Amino acid sequence: MNPELLGSPGGANVRAVHDAFHGDLLEVSMGPHHPSTHGVFRMIVTLDGERIVKLKPVFGYLHRNHEKLGETVSYLASMPYTDRLDYLSAMTNNWAYAIAVEKLAGQPVPERAEYVRVILAELTRLLNHTCLAGFLMQDCGCSGTPLMYAFREREKILDLFESLSGSRMMCNYQRFGGCRVDPTPAWVDATRTLVGNYGAFLDEFEALLTGNEIIMARTQGVGVLSSALAINAGVTGPMLRATGVASDLRKSDAYGVYPRFQFRVPLGAHGDVYDRYMVRVLEMRESIKILEQALAGLPGGPIMDPKAKLRGFRPKAGEAYGRIEGPKGEIGFYLVSDGSPNPLRYRVRPPSFINLTVLEDMCLGQTVADAVIILGSVDIVLGEVDR
Amino acid sequence: MSDAPTSAAPAITDAERAELRRHGILLTSLQELYTWGCSHSVWPLNFGLACCAIEMIAASMAKFDIARFGSEVFRPSPRQADLLIVSGTVTKKMAPQVIRLWNQMPEPKYCIAMGACAISGGPFKQGYNVLKGIDRFIPVDIYIPGCPPRPEALLHGLVQLQEKIKGFQIKGPDAPRHLQTADAGEYPVPEFGAHDLEPPHNPAVWTAPTIVRSEKG
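The listed protein sequences derive, respectively, from chains A and B. Note that the numbering used here has the first sequence beginning at 1, numbered continuously upward. Note that the numbering used here has the second sequence beginning at 1001, numbered continuously upward.
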């Protein structure tokens, strides 16, 4: 209790309220309609004053039976559904699914397609991390401006996606054994221009945010996740790297043509919200480096394997797990085939769902306003969490 | 205000009104003032469901700038909102909450079904957990197809809604729903039952379409 308040004219009331409610817990239901929950996610937060003593997440408000639908349609018909998993980064979902099916069918991919896939995945990473930084600042209370800047850049990347695939968000671009459309030289030039300008945008963005005193005070030391818990809970992606664990599938799995590119994996030291933000900003800088190398080395040749079978596609019986390092972590698809045109079992490993499992551990002891930014820093997309 | 039929010729012609305006006199009717005010300050509820919500946010950002149409004020509380944009897949778990939000909004209120999922279930229609169109429970004013619709499509839908509001009669049998005293203000909120929502639809709003087959000789 504040002694100054007790001495004030209403001091007796302050004492009475304190005596009546001290030690009582308050249960607050945040969501499914709440501007801070990034979609239809619900948290039942138990509070002692401002401090969180318990947090129960409630899922399933966007459960669209994605996996069951995947078993009722053909392999290729699942590709547009993967767009709608993590709807901020459709291209990486497409790629992870294509890798799983290509493993299942033993389908090779031409070199040009591998380069285009890397370019699109890194553009998606730029898009996702920029938007996440904008949303995180919105959660911090910096309403509007950073998100406006982030969406301005997002539109530029979406223009590239649209001119290539015909759709802004739901690209449906990858195919088993390559990509659907060959990028024109004009598209490659436009991408080069965007990548060339992106560093300047990041400088501007960082000048506004990274050293900002309010943001540092609000995010440093908040929502700390230990590396041991992160590993045990299966957390992947920038969440894991912010705790200081060097784990990046682009390095360890070396899928696609990633071994040909020079890039570093940025790591955090404290595992707090600020580190998660910082790791993502540094990852964007590395993505720009990868993009520059990939655009410089983009080879000619076919974009699709000429022997790839699109119609009547029936992989032989077996199972395969394909995974890539998506912007949010390890996005993987597990497929079981019985030789029919539809998969027997279709399972998604959604990174943001698994990253969300440590939410309560990060929030305990924090204030209710911190829970909002901790959730923001996890980077969830409900299409992927609930599937 | 008289009870004259609204379809009667206006008491003053456009030419006369233009003449008066040249002399600095602006004339309007209560109806025009009301619909003009309603149509240019449609405040949406800050409520996103799925993929379409991202395009809704994009529509409110600098490139598309929904503020040009007076709708940039996304309100977090349904008590302050005029427009419910159902932006994405409504699952059976979420449908009761959507209808509760709709009930909490004050009249006059409007509903836009944005995207294939909100209209009919869209690509997830075959699933066991997806509502096959929000118009089974609440009245929808504007349907915007697309998966997801582009931000331009949302803006077009908003302009169409404004046109619709401008056409409202504030008296008589053609008056909109919220001015009809006999009309229900609250819509029943379904329960999540054993197999499906109970009731599965609101009969006052939606009835199952009857399939008419042509008799071929």
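Bear in mind the hints are in silico, worked out from the structure with no lab data behind them. Fair warning: this is a prediction, and the values are worked out from it, not measured in the lab. Please note that the accuracy of each hint is not assured.
Taking lysine to aspartate or glutamate and the DMTMM-like style, the derived pairs with C-alpha atoms no more than 25 Å apart in a straight line are [to be verified]:
{"no.": "1", "chain 1": "A", "residue 1": "Lys56", "chain 2": "B", "residue 2": "Glu1107"}
{"no.": "2", "chain 1": "B", "residue 1": "Lys1164", "chain 2": "B", "residue 2": "Glu1215"}
{"no.": "3", "chain 1": "A", "residue 1": "Lys156", "chain 2": "B", "residue 2": "Glu1152"}
{"no.": "4", "chain 1": "B", "residue 1": "Lys1132", "chain 2": "A", "residue 2": "Glu67"}
{"no.": "5", "chain 1": "B", "residue 1": "Lys1063", "chain 2": "A", "residue 2": "Glu155"}
{"no.": "6", "chain 1": "B", "residue 1": "Lys1125", "chain 2": "A", "residue 2": "Glu67"}
{"no.": "7", "chain 1": "B", "residue 1": "Lys1166", "chain 2": "A", "residue 2": "Asp159"}
{"no.": "8", "chain 1": "B", "residue 1": "Lys1171", "chain 2": "B", "residue 2": "Asp1183"}
{"no.": "9", "chain 1": "B", "residue 1": "Lys1063", "chain 2": "A", "residue 2": "Glu67"}
{"no.": "10", "chain 1": "A", "residue 1": "Lys103", "chain 2": "A", "residue 2": "Glu155"}
{"no.": "11", "chain 1": "B", "residue 1": "Lys1164", "chain 2": "A", "residue 2": "Glu162"}
Assess, step by step, whether the Cα of Lys1063 of chain B is no farther than 25 Å from the Cα of Glu155 of chain A, and give holds or violated. holds, 8 Å
Quick one, are Lys1171 of chain B and Asp1183 of chain B close enough, alpha carbons at most 25 Å? holds, 14 Å
Is the Cα-Cα distance between Lys1063 of chain B and Glu67 of chain A 25 Å or less? Given pair Lys1063 of chain B, Glu67 of chain A is violated - Cα atoms ~35 Å apart, limit 25 Å.
Quick one, are Lys56 of chain A and Glu1107 of chain B close enough, alpha carbons at most 25 Å? violated, 35 Å
Could you grab the alpha-carbon distance between Lys1125 of chain B and Glu67 of chain A and see if it respects the 25 Å cut-off? holds, 14 Å
Check the hint pairing Lys1166 of chain B with Asp159 of chain A against an upper bound of 25 Å on the C-alpha distance. Violated. Lys1166 of chain B to Asp159 of chain A sits at ~35 Å, over the 25 Å cutoff.
Lys1132 of chain B and Glu67 of chain A were given as a pair; does the straight-line alpha-carbon distance stay at or below 25 Å? Satisfied, since the Cα-Cα distance of roughly 19 Å is no more than 25 Å.
Taking 25 Å as the top limit, are the C-alpha atoms of Lys156 of chain A and Glu1152 of chain B close enough? holds, 16 Å
So if I understand the rule, the pair passes when the alpha-carbon distance is 25 Å or less; does Lys103 of chain A with Glu155 of chain A pass? Violated, because 34 Å separates the two Cα atoms, which is more than 25 Å.
Please work out if Lys1164 of chain B and Glu162 of chain A have their alpha carbons no farther apart than 25 Å. violated, 32 Å
CA of Lys1164 of chain B to CA of Glu1215 of chain B, is that 25 Å or under? violated, 38 Å
Hint check: violations occur at hints 1, 2, 7, 9, 10 and 11; the rest are consistent with the structure.
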